[in-house]
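Undergrad: Fit chain B to the given chain A structure using the hints.
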Amino acid sequence: AQSVSQHNHHVILSEAASLELGCNYSYGGTVNLFWYVQYPGQHLQLLLKYFSGDPLVKGIKGFEAEFIKSKFSFNLRKPSVQWSDTAEYFCAVNAQGNNRLAFGKGNQVVVIP
Amino acid sequence: NAGVTQTPKFQVLKTGQSMTLQCAQDMNHEYMSWYRQDPGMGLRLIHYSVGAGITDQGEVPNGYNVSRSTTEDFPLRLLSAAPSQTSVYFCASSLDREPSYEQYFGPGTRLTVT
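In order, the protein sequences belong to chains A and B.
If you're matching positions, the first sequence starts at 1 in the numbering used here and goes up one per residue.
If you're matching positions, the second sequence starts at 1001 in the numbering used here and goes up one per residue.
FYI, nobody ran anything at the bench for these hints, they're computed from the structure.
Glycine included, every Cβ here is placed at the ideal spot set by N, Cα and C.
Any given hint could be a false lead.
[Claimed, not checked] Here's a subset of chain A near chain B, in silico, CB distances under 10 Å, partners left out:
id	residue
1	A1
2	Q6
3	H9
4	V11
5	F34
6	Y36
7	L44
8	L46
9	K49
10	G104
11	K105
[Claimed, not checked] Within a straight-line C-alpha distance of at most 30 Å, the following computed DSS-like cross-link-like pairs (lysine-lysine) qualify:
id	chain 1	residue 1	chain 2	residue 2
12	A	K78	A	K49
13	A	K71	A	K105
14	B	K1009	A	K49
15	A	K69	A	K58
16	A	K61	A	K78
17	A	K71	A	K49
18	A	K105	A	K78
19	A	K105	B	K1009
20	A	K58	A	K105
21	B	K1014	A	K105
22	A	K58	A	K78
23	B	K1009	A	K61
[Claimed, not checked] Residues from chain A that keep clear of chain B, each with C-beta distances beyond 12 Å, as calculated:
id	residue
24	L19
25	S26
26	R77
27	D85
28	I112
Next up, chain A with everything else stripped away, as it sits in the complex:
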């Protein structure tokens, strides 16, 4: 079964700072990769996803992620955060051909105006 690791559970940064959240997974086969965001009091929304092709994926709200197969990583980045990016971010993975998602424990990001 696949598993997902996210580090630095709590991140505090100022507006306009750059954000990078790490995600590593363990699974020997081909995977689909996702980043979800949960704004305070809301449900999970998809930020971006990777199935195949260009390993640099652009998502909504200026987020992007890079899949590095050799490192089993799918790190999320945003060059300049805003206060409205305050949220919890979850990395998730499923094995291709299998819909079961495994989630990381999440990163709580707080952006200070």
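TA: Okay, now just chain B, sitting in the frame of chain A:
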């Protein structure tokens, strides 16, 4: 198109009580699943279904039952609530084929067991 809906939004139960959390989707998705979210634990899969009449256990199924009699509905039953089941529960659905494994989440049910 309402997407994934869940009821109720909030519920307080006493230990030993039973209840059903409702989940419905109107996107004709084959795959539906239930997760629980606890602080610092991320989302953990409770049960899932790949179609009407087909269900299977996830990572943390104990204390929960599910059934899938229609494509649209996937209720989660707590047979005898325990304080350890205090959590936020999310239902999700998706198509069950490549490449569209993107899961759509409902708004959640916040359950407190006293």
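Undergrad: Evaluate each hint against the coordinates.
TA: Taking the hints in turn, this is what the structure says about them:
1. For A1 (chain A), the suggested interface contact is upheld, since its CB lies about 9 Å from the closest CB of chain B, less than 10 Å.
2. Against a cut-off of 10 Å between C-beta atoms, the interface hint on Q6 (chain A) holds, since the closest Cβ of chain B lies about 8 Å away.
3. Interface hint status for H9 (chain A): upheld, as the beta-carbon distance to the closest one in chain B is roughly 7 Å, under 10 Å.
4. This hint is violated: V11 (chain A) has a C-beta 14 Å from the nearest C-beta of chain B, more than the 10 Å allowed.
5. For F34 (chain A), the interface hint holds, the least distance from its beta-carbon to any beta-carbon of chain B being 7 Å, beneath 10 Å.
6. Given the 10 Å rule on beta carbons, the hint for Y36 (chain A) holds: about 8 Å separates it from the nearest Cβ of chain B.
7. A cut of 10 Å between beta carbons decides the hint on L44 (chain A): the least distance to chain B is about 4 Å, and the hint holds.
8. Annotation: interface hint on L46 (chain A) holds; nearest CB of chain B at approximately 6 Å, less than 10 Å.
9. Residue-level restraint check for K49 (chain A) holds (minimum Cβ-Cβ distance to chain B is 6 Å; threshold 10 Å).
10. Against a cut-off of 10 Å between C-beta atoms, the interface hint on G104 (chain A) holds, since the closest Cβ of chain B lies about 6 Å away.
11. Hint status for K105 (chain A) relative to chain B: holds, with the closest Cβ pair at about 4 Å, below 10 Å.
12. Restraint check: the Cα-Cα separation between K78 (chain A) and K49 (chain A) comes to about 15 Å, which is no more than 30 Å; the hinted pair holds.
13. Under the criterion of a C-alpha separation no larger than 30 Å, the hint pairing K71 (chain A) with K105 (chain A) is consistent with the structure, at around 19 Å.
14. Between the alpha carbons of K1009 (chain B) and K49 (chain A) the distance comes to roughly 28 Å, so the proposed pair stays at or under 30 Å and holds.
15. Distance hint between K69 (chain A) and K58 (chain A) is fulfilled; the C-alpha atoms sit about 17 Å from each other, no more than 30 Å.
16. For the suggested pair K61 (chain A) and K78 (chain A), the alpha carbons sit about 9 Å apart, so the restraint of at most 30 Å is met.
17. Note on K71 (chain A) and K49 (chain A): the hinted pairing holds, with a Cα-Cα distance of about 18 Å set against a maximum of 30 Å.
18. Under the criterion of a C-alpha separation no larger than 30 Å, the hint pairing K105 (chain A) with K78 (chain A) is consistent with the structure, at around 20 Å.
19. Of the supplied pair hints, the one linking K105 (chain A) and K1009 (chain B) holds, its CA atoms being roughly 23 Å apart against a limit of 30 Å.
20. Between K58 (chain A) and K105 (chain A) the CA atoms are separated by roughly 22 Å; this keeps the pair inside 30 Å, and the hint holds.
21. Our distance criterion of 30 Å between C-alpha atoms is met by K1014 (chain B) and K105 (chain A), whose separation comes to about 28 Å.
22. At most 30 Å may separate the alpha-carbon atoms for a hinted pair to count; K58 (chain A) and K78 (chain A) meet this at roughly 10 Å.
23. Using a Cα cut-off of 30 Å, the hinted pair K1009 (chain B) and K61 (chain A) holds, with the two alpha carbons roughly 28 Å apart.
24. The Cβ of L19 (chain A) sits about 19 Å from the closest Cβ of chain B, beyond the 12 Å cut-off, so the non-interface label holds.
25. Every beta carbon of chain B lies more than 12 Å from that of S26 (chain A), the smallest distance being close to 15 Å; the non-interface claim holds.
26. At the 12 Å boundary, the C-beta of R77 (chain A) stays outside the reach of chain B, the nearest C-beta of that chain being 20 Å off.
27. For D85 (chain A), the requirement that its beta carbon stay farther than 12 Å from each beta carbon of chain B is met, with the minimum near 19 Å.
28. Every beta carbon of chain B lies more than 12 Å from that of I112 (chain A), the smallest distance being close to 22 Å; the non-interface claim holds.
Of the hints listed earlier, the one the structure fails to meet is number 4.
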